[in-house]
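Got chain A; can you put chain B on it based on the hints?
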Amino acid sequence: DSGVTQTPKHLITATGQRVTLRCSPRSGDLSVYWYQQSLDQGLQFLIQYYNGEERAKGNILERFSAQQFPDLHSELNLSSLELGDSALYFCASSPQGEAETQYFGPGTRLLVL
Amino acid sequence: SQQGEEDPQALSIQEGENATMNCSYKTSINNLQWYRQNSGRGLVHLILIRSNEREKHSGRLRVTLDTSKKSSSLLITASRAADTASYFCATALTGRRALTFGSGTRLQVQP
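Chains as they are written, first to last, in the working numbering: chain A, 1 to 113; chain B, 1 to 111.
So that you can see chain A by itself, here it is in the shape it has in the complex:
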């Protein structure tokens, strides 16, 4: 158990809808990362937050947004969902967010029908 929690574990929704994925980092970690893992794209870095502020941006679509709250949990919002957004979404955390070891949550499996 990494200490990182993600909810929900599974999500089934329809195209055009909006969903919110939630992540709670390990106790004491200030940095949260979001990744998307699909069969054809591998593990893609989406975005990183550190202590409430956006720190790094990867291949995140404009339809996706994220935030980190004062209690350090983070939410990833996915809107106008398309079939191709079906994937595993992972959250990871690290103490300082300086390319150090990351601790991954169990993921949220999103299926868009």
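Simulated from the structure, these hints should not be mistaken for laboratory data.
These numbers were taken from a predicted model, which means no experiment stands behind them.
We put the beta carbon where it would ideally sit given N, CA and C, even for glycine.
Do not rely on the hints blindly, as some may be mistaken.
Short derived list, chain B residues pointing at chain A, Cβ under 10 Å [to be verified]:
1. Ala19
2. Leu43
3. Leu48
4. Asn52
5. Ala90
6. Thr91
7. Arg96
8. Ala98
9. Gly102
Now the in silico label distances, taken between C-beta atoms and shown as ranges [to be verified]:
10. A/Glu98 <-> B/Gly40: 23 to 33 Å
11. B/Val44 <-> A/Lys57: 38 to 48 Å
12. A/Glu54 <-> B/Lys26: 24 to 34 Å
Showing chain B alone in chain A's frame:
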């Protein structure tokens, strides 16, 4: 193509044999990390090797780093069926905070 490319893409061995996976990257790095992922589960950190290190051990794992060749290898000795998983290398590029993951090696250890 991706920063970290693992080779081979898939590997099948018998229990007790050694498994070697390779990772190549393109630009200078601060460190390189290896992660394991059991099917559909979260990634688990295995080992981190810094750019000024050449070799590191952790239990049955041995990682080497050759910065002149921009490559790393992960050796799992005396493999077990429980080692069956996908293995990813992740590079921490100089000047960047986020990690870049390779496409992974799928390891199957036959009992």
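Structure-based check of each hint:
no.: 1; hint: Ala19; verdict: 20 Å, violated
no.: 2; hint: Leu43; verdict: 4 Å, holds
no.: 3; hint: Leu48; verdict: 6 Å, holds
no.: 4; hint: Asn52; verdict: 15 Å, violated
no.: 5; hint: Ala90; verdict: 8 Å, holds
no.: 6; hint: Thr91; verdict: 9 Å, holds
no.: 7; hint: Arg96; verdict: 7 Å, holds
no.: 8; hint: Ala98; verdict: 5 Å, holds
no.: 9; hint: Gly102; verdict: 8 Å, holds
no.: 10; hint: A/Glu98 <-> B/Gly40: 23 to 33 Å; verdict: 29 Å, holds
no.: 11; hint: B/Val44 <-> A/Lys57: 38 to 48 Å; verdict: 26 Å, violated
no.: 12; hint: A/Glu54 <-> B/Lys26: 24 to 34 Å; verdict: 26 Å, holds
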